[in-house]
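Chemist: Below, each chain spelled out in residue letters.
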Amino acid sequence: MAEQIQKKLQGELEKYQQLQKDLSRAVAARQKLEAQLTENNIVKEELELLDATNTIFKLMGPVLVKQEMEEAKGTVGKRLEYITGEIKRYEQQMQELERRSEQQRETLGRLQQELQRGQGKG
Amino acid sequence: MIPGTSEAGSTYGCSSKLEKPFHAGYSRDLRRVGTANVNKWDLGLVVTSCQEKIQHWKKVESDYEALQERLRTLPDKLSYDIMVPFGPLAFMPGKLVHTNEVTVLLGDNWFSKCSAKQAVELVEHRKKHVRKALDDLQKVMMNFESRAEFTEDLQRMSDAASDFVDIREEIEDDSIGTKGKYRTAHKPHSKPKVSNVFEVDFPVNGNDTKSVGHFQSEEELWARLEELERQETLLGELDRMPGTVETNGEDASSSEEEKEDKRTDLNGTYRAEDSLTQGNFHKQVTNSDLFGGQLNGSTYYHSDDEDDIDVGDNSVPTIFFSHTVEPKRVRINTGKNTTLKFSEKKEEAKRKRKNSSGNGHATPELPNIKTPADIYRVFVDVVNGEYVPRKSILKSRSRENSVCSDTSENSAAEFDDRRGVQRSISYDEATQSDNSEGVLEEEEEEEGQQQPPKKLPPSSGTAEAFSGTVIEKEPLSPSLIPHPVIAHPVLPTILEWKSDEVLSEASEEPPKRISKFKAARMQQPT
Numbered sequence: 001m002a003e004q005i006q007k008k009l010q011g012e013l014e015k016y017q018q019l020q021k022d023l024s025r026a027v028a029a030r031q032k033l034e035a036q037l038t039e040n041n042i043v044k045e046e047l048e049l050l051d052a053t054n055t056i057f058k059l060m061g062p063v064l065v066k067q068e069m070e071e072a073k074g075t076v077g078k079r080l081e082y083i084t085g086e087i088k089r090y091e092q093q094m095q096e097l098e099r100r101s102e103q104q105r106e107t108l109g110r111l112q113q114e115l116q117r118g119q120g121k122g
Numbered sequence: 001m002i003p004g005t006s007e008a009g010s011t012y013g014c015s016s017k018l019e020k021p022f023h024a025g026y027s028r029d030l031r032r033v034g035t036a037n038v039n040k041w042d043l044g045l046v047v048t049s050c051q052e053k054i055q056h057w058k059k060v061e062s063d064y065e066a067l068q069e070r071l072r073t074l075p076d077k078l079s080y081d082i083m084v085p086f087g088p089l090a091f092m093p094g095k096l097v098h099t100n101e102v103t104v105l106l107g108d109n110w111f112s113k114c115s116a117k118q119a120v121e122l123v124e125h126r127k128k129h130v131r132k133a134l135d136d137l138q139k140v141m142m143n144f145e146s147r148a149e150f151t152e153d154l155q156r157m158s159d160a161a162s163d164f165v166d167i168r169e170e171i172e173d174d175s176i177g178t179k180g181k182y183r184t185a186h187k188p189h190s191k192p193k194v195s196n197v198f199e200v201d202f203p204v205n206g207n208d209t210k211s212v213g214h215f216q217s218e219e220e221l222w223a224r225l226e227e228l229e230r231q232e233t234l235l236g237e238l239d240r241m242p243g244t245v246e247t248n249g250e251d252a253s254s255s256e257e258e259k260e261d262k263r264t265d266l267n268g269t270y271r272a273e274d275s276l277t278q279g280n281f282h283k284q285v286t287n288s289d290l291f292g293g294q295l296n297g298s299t300y301y302h303s304d305d306e307d308d309i310d311v312g313d314n315s316v317p318t319i320f321f322s323h324t325v326e327p328k329r330v331r332i333n334t335g336k337n338t339t340l341k342f343s344e345k346k347e348e349a350k351r352k353r354k355n356s357s358g359n360g361h362a363t364p365e366l367p368n369i370k371t372p373a374d375i376y377r378v379f380v381d382v383v384n385g386e387y388v389p390r391k392s393i394l395k396s397r398s399r400e401n402s403v404c405s406d407t408s409e410n411s412a413a414e415f416d417d418r419r420g421v422q423r424s425i426s427y428d429e430a431t432q433s434d435n436s437e438g439v440l441e442e443e444e445e446e447e448g449q450q451q452p453p454k455k456l457p458p459s460s461g462t463a464e465a466f467s468g469t470v471i472e473k474e475p476l477s478p479s480l481i482p483h484p485v486i487a488h489p490v491l492p493t494i495l496e497w498k499s500d501e502v503l504s505e506a507s508e509e510p511p512k513r514i515s516k517f518k519a520a521r522m523q524q525p526t
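Taken in sequence, the protein lines are chains A and R. So that you can map any letter, position 17 of the first sequence is 17 in my numbering, and since no number is skipped, the others follow by simple counting. So that you can map any letter, position 19 of the second sequence is 19 in my numbering, and since no number is skipped, the others follow by simple counting.
Incorrect hints may have been included.
Below, simulated DSS-like cross-link-like pairs (lysine-lysine); rule was C-alpha separation at most 25 Å, straight line [said to hold, decoys possible]:
| hint | chain 1 | residue 1 | chain 2 | residue 2 |
| --- | --- | --- | --- | --- |
| 1 | A | Lys44 | A | Lys32 |
| 2 | A | Lys73 | R | Lys128 |
| 3 | A | Lys58 | R | Lys59 |
Hints in this document: simulated from the structure, not taken from any laboratory.
Based on the sequences and whatever the hints tell you, model everything.
Modeler: Quick look at the structure:
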């Protein structure tokens, strides 16, 4: 009886650890996205500061590619939107993961209690 | 700022490395700060990390300052002669041209060519961001610093105050937690405990047993309690017969008292039961086990205080607990349809008194009878598992519970027994409750004496008050009857003897004052 509980506990524990890993991954990804978000915001602002006479380049690999101002602004804007969308997605994912990990925690606690009871009896 | 190429305009710009850590670290810090646990250790960590970041950002800002300076001075000349780095180890002489063309990294792999002045503006814009981050970090650091200081102060205070935070309550009474356990853990014990009686009986003097009992540590007694309880639960509940009381009382009276004495030190509420002579074991669990008016060595009670010690039947005196049971509310029909709480403790004490002739146990086991209602509360019979108020002795039912049935001999032992029995007789005589109490105490004190006067009215002395012997030897006149009745309400045996001849009158005169035994005897022959 105690062994069964132990096995179940192990299984649940692994699931919980997996959830935790996913959660941490999601968190890291979100942080990266946030950094990109701020950066792109700054780019956007600095593009505003520049006028049309300046040539804008985009670094693609080892090549600096010339870009138009409007194109650049558009691209940056799109990138910003993309980043915000990604952040939202990751947020939702994180919430889901948190919820599931909470459930796992409860299950683990219950199993632990059972195990202790079983061990106590035996 | 990267030194510009020799041909193209100078290129500069914060490397994305700078930008990214700026933002990532910033956001990371904020996130971390937002979720940091507030405890001393964490606060310290947060504060130090904040300080590090502040240092970092300050460096960045100073770099930007230097960059701005360079940008301002760069366009002064059309070209500069410089030593151009050639790989990590070599330099080459070269010229810095197009001093006004600056390729600025805007971030996220975006570049733009702009003039030096525009570059300066961009740098200024970046510096704004840096300063914002610095300010936030400073604020956070200040907050956490204050909190850390507070916790430090608190710790210092608590340390100085010898750690009053740590409050420990040592529960010495294990019976509460272990009651259920005791109940279920039965040890098979079939033999009544004889040694207990013996070891108790040896010292005639109550003091000896007390000392005997005293050497047992509390833990041992608790263990004994446990064992006793288990035994009893194992053996099951046995109804006590009235007849057994006397026989029991003879053997167990003193022993019980002794045991009780022993245990009173532990817990005034526990009762040592001597089940040896009877071989009766009572379950210690339910209130229904309690028998009113019937006293056996093995009876036990559920006290309000939860600790009932039943003497087991092993060679080792064991003490059982009984669980804490709220005293059952026994509807005692006192004529007013009142309900009095059945106090097991009092029942126990009563039973003890019944059994033990020289009741040596201490006052705590006495029923605390202070009012007439207490009497009804204390002396409640248990009939068929139900609590029935002890009826008047004049009623036929009381005869069933009459404890005192054997009053033929006039021996000291019997006296003791009778004394115990009488003590256990319900004090239906409300008026004499106090008196009986006092008498009981006196009796207990005199437990050691072989021939103690049975009951001494508190006012009178010892020997002279005890008219029992006198009464027994002679057929007493009615006049004598009321006297003992009044003086010794708990001496039914004496009265019983008289009752055959005279008590009939006495019983009627003060109906309350006549013990039920007397009344029973009165009615029996008739």
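Chemist: Going through the earlier hints one by one, which of them does the structure break, listed in rising order?
Modeler: 3
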